[in-house]
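Colleague: What follows is each chain in one-letter form.
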Amino acid sequence: MTHTSSYEPSTGIEKWLDQRLPVPRLMYDQFLAFPTPRNLNYWWTFGGILTFMLVSQIATGVVLAMNYVATPSMAFDSVEHIMRDVNWGWLLRYTHAFGASMFFLAAYIHTFRGLYYGSYKAPREVLWILGVLILFLMIATAFMGYSLVWGQMSFWAVTVITNLFSSLDAVIPGLGTRLVQWIWGGFAVGGPTLTRLYSLHYFFPFVIAGIVVLHIWALHIPGNNNPTGIDVKSARDTVPFHPYYTIKDGFALALFALFFATFVFYAPNLLGHPDNYIPANPLQTPQHIVPEWYFLPFYAILRAIPSKLFGVAALLGAIIVLFFVPWLDTSRVRSTSYRPIYKWFFWAYVVTCVMLGYLGSQPPEGIYLVLGRIFTAYYFLFFLVVMPVVGWIEKPKALPGSITESVLGPEEAPPATPQPAPRRRTPEPVL
Amino acid sequence: MTTLPLHGIAGAAGLALALAVPLGSALAADETPPAVEAANHEPSIESQSWSFTGPFGVYDNAQLQRGFLVYKTICANCHSMRLLSYRNLGESGGPEFSPEEVNAIANEVQVTDGPNDKGEMFQRPARPSDPFHSPFANDAAARVANRGALPPDLSVMAKARPGGPDYIHALLTGYRPAPAGFQLAPGMQYNVAFPGHQVAMPPPLFDGAVKYTDGTKPTVDNYARDVAAYLMWAAEPKLEERHKLGARVIIYLIAFAVIMFLAKRTIWARLHGKAAHTA
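Here the protein sequences line up with chains A and B, keeping their order.
The first sequence: position 255 = 255 (my numbering), numbered continuously.
The second sequence: position 116 = 116 (my numbering), numbered continuously.
By construction, these hints were calculated from the structure, which means they are not laboratory data.
Predicted model only: the values in this text are computed from it and were never measured.
We put the CB at the ideal spot given by N, CA and C, even for glycine.
Heads up, a few of these hints could be off.
To be verified - Cβ-Cβ distance ranges computed for the label pairs, FRET-style:
no. : chain 1 : residue 1 : chain 2 : residue 2 : range
1   : A       : F310      : B       : S49       : 50 to 56 Å
2   : B       : I251      : A       : V351      : 36 to 42 Å
3   : B       : K244      : A       : R196      : 51 to 57 Å
4   : A       : I216      : B       : I259      : 26 to 32 Å
5   : B       : Y252      : A       : P388      : 48 to 54 Å
6   : B       : I254      : A       : V23       : 34 to 40 Å
7   : A       : W392      : B       : I251      : 51 to 57 Å
8   : B       : Q183      : A       : T285      : 52 to 58 Å
9   : B       : K244      : A       : N67       : 45 to 51 Å
10  : B       : G208      : A       : N87       : 41 to 47 Å
I would like the entire structure built from these sequences, with the hints used as guidance.
Modeller: Written as structure tokens, this is what we have:
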């Protein structure tokens with residue numbers, strides 16, 4: 001939250017730096033004294049967890065890149081070289097590969113949390129849009145990273161996904177084909193494709209890191225939303241970020257790391273596909289080409305639409321629609337906890353996403369295809385119809401008087417002082 | 001006043017529970033990739049008991065040595081293992097042959113080296129640092145020798161098929177006479193474990209084909225089990241190291257999480273004291 005700085009440079013170097021590049025002041029104001037609602041639950045800890053995952057992916061990825069060779073003849077073998085001969089290579093690779101799944105798990109929880117508590121509503125629209133942008137870049141980065149293994153599933157996933165662009169032939173004949181050849185750097189997926197995927201896989205995480213900085217900046221202007229969805233009204237509603245949330249986030253991160261480590265050490269291939277331990281073979285198509293679990297809902301949407309062009313449009317639309325959520329939701333209150341009708345639609349949407357994930361892993365035929373179409377329809381109806389209409393007709397439940405009241409109960413809250421939320425105010429002193 | 005810490009504990013417990021639920025199944029699955037349905041003929045793969053499954057699983061050195069013997073005597077006639085080197089056979093967490101044995105195993109094989117100072121390629125006995133010698137010069141030569149079928153490389157085979165070592169054991173013991181009415185293509189074998197039930201590889205094992213010196217019964221079932229374990233090691237040579245390091249990491253993280261929880265509770269308790277004051 002925009003708040004007056006309470007930083008007092010105490011040492012000589014801090015005073016000197018404060019006149020020139022006040023990084024200590026920034027860090028102190030934004031990460032130590034930053035006033036944070038006192039009622040954030042554990043669903044709010046995934047922001048910190050995601051920061052950890054981004055750092056973990058970049059750190060392991062940079063070292064993996066020192067040993068990886070991006071050529072079709074060497075890629076698969078160099079990954080095995082990492083697994084067998086590089087010191088701690090197996091740990092780096094399994095942490096990186098399973099880390100991608102953990103990153104998406106945390107990102108999806110974080111997104112659903114924002115969706116449930118209305119964290120996208122004014123004044124946090126830009127914050128939300130930057131988050132969707134990060135999710136979009138994560139999808140691109142993870143896809144490119146998976147391709148680098150150059151196993152059967154990698155190769156054929158690249159073939160299928162890049163071929164999606166050829167659907168543009170239905171708009172302008174020849175455009176899609178030319179575009180696909182431009183992406184491939186040739187007439188088939190091959191060496192030039194692999195090197196550009198590798199280059200971009202290394203580049204995108206730093207773009208993500210940059211947008212994460214903007215995301216945190218956009219968070220620190222209005223401050224955190226909270227489970228009640230009501231604004232901070234007095235200093236009593238907030239606590240300084242440190243030590244209250246550093247320790248709470250730290251505890252949640254320790255649990256998350258425990259969960260992560262269990263898989264890395266005891267089931268590192270659980271979410272992988274056995275076919276990706278077969279070196280890429282352009283002459284042999286696997287029986288079922290299945291993407292990683294975190295893409296399955298989108299894959300189900302793609303296959304639910306009978307036309308290739310509109311299937312691709314729906315696939316992209318499933319993410320693009322998220323950008324417009326701040327304006328699609330017409331509700332007066334933020335938190336779904338106070339929305340008796342919308343609540344049901346929200347959980348139906350969560351079930352829809354899970355079901356689309358399941359259907360994405362099944363062959364697109366018979367009952368799977370029918371269900372895929374029903375859930376795809378609801379996926380879009382939720383955003384385009386439910387959000388505007390329910391927000392408009394629904395009568396929300398009574399909101400608590402303040403964040404403090406929601407935590408301590410009305411009997412313990414001080415006598416109501418009807419004063420509007422000040423835009424700028426002094427933070428509570430650090431404890 | 002006590003609502004918040006209780007709320008906090010409940011929240012934390014809920015999160016821990018949500019994160020812990022898939023763990024049971026993950027631990028049970030361990031190395032074995034999830035089974036995937038075959039196209040038309042459901043392959044039958046029985047799960048076996050292995051020494052290396054479970055969080056404390058380790059390889060059975062003697063079994064890996066027997067498995068290597070089966071591989072060397074039988075499989076290596078057609079299947080390469082190009083990602084392994086002879087030195088791997090002596091490394092810890094594997095068959096752990098002695099340095100002399102590894103040397104002897106490597107020395108049996110002639111490899112092409114060079115060019116020498118006359119610009120000529122020459123033959124020499126393999127050294128432990130050499131990669132496993134492949135039975136065929138290239139894929140085309142392998143196909144010619146095998147009626148058009150390409151014997152796949154076995155380096156990561158145990159991770160490249162649904163069922164992993166269970167599948168390898170089932171395949172090697174799964175040869176049966178084709179049931180009446182089953183259309184078997186010429187030169188193909190009927191196998192209950194292979195997807196589609198038609199496999200080009202003739203039954204490679206028969207009782208007594210490989211001499212065991214440690215008293216293990218020389219049966220097809222034992223050969224299949226031993227060579228499957230050996231291939232699992234070949235595909236996942238750092239499994240023991242991983243399991244051992246994992247135990248330490250997990251214990252450390254549990255202790256860390258407990259400390260963090262206690263610290264969190266203590267720090268948030270200050271807030272309640274203060275809230276009670278002002279109220």
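Colleague: Each of the hints needs a verdict: does it hold here or not?
Modeller: Do the hints match the structure? See the list:
no.	hint	in the structure
1	A/F310 <-> B/S49: 50 to 56 Å	51 Å, holds
2	B/I251 <-> A/V351: 36 to 42 Å	37 Å, holds
3	B/K244 <-> A/R196: 51 to 57 Å	40 Å, violated
4	A/I216 <-> B/I259: 26 to 32 Å	27 Å, holds
5	B/Y252 <-> A/P388: 48 to 54 Å	50 Å, holds
6	B/I254 <-> A/V23: 34 to 40 Å	36 Å, holds
7	A/W392 <-> B/I251: 51 to 57 Å	54 Å, holds
8	B/Q183 <-> A/T285: 52 to 58 Å	24 Å, violated
9	B/K244 <-> A/N67: 45 to 51 Å	23 Å, violated
10	B/G208 <-> A/N87: 41 to 47 Å	43 Å, holds
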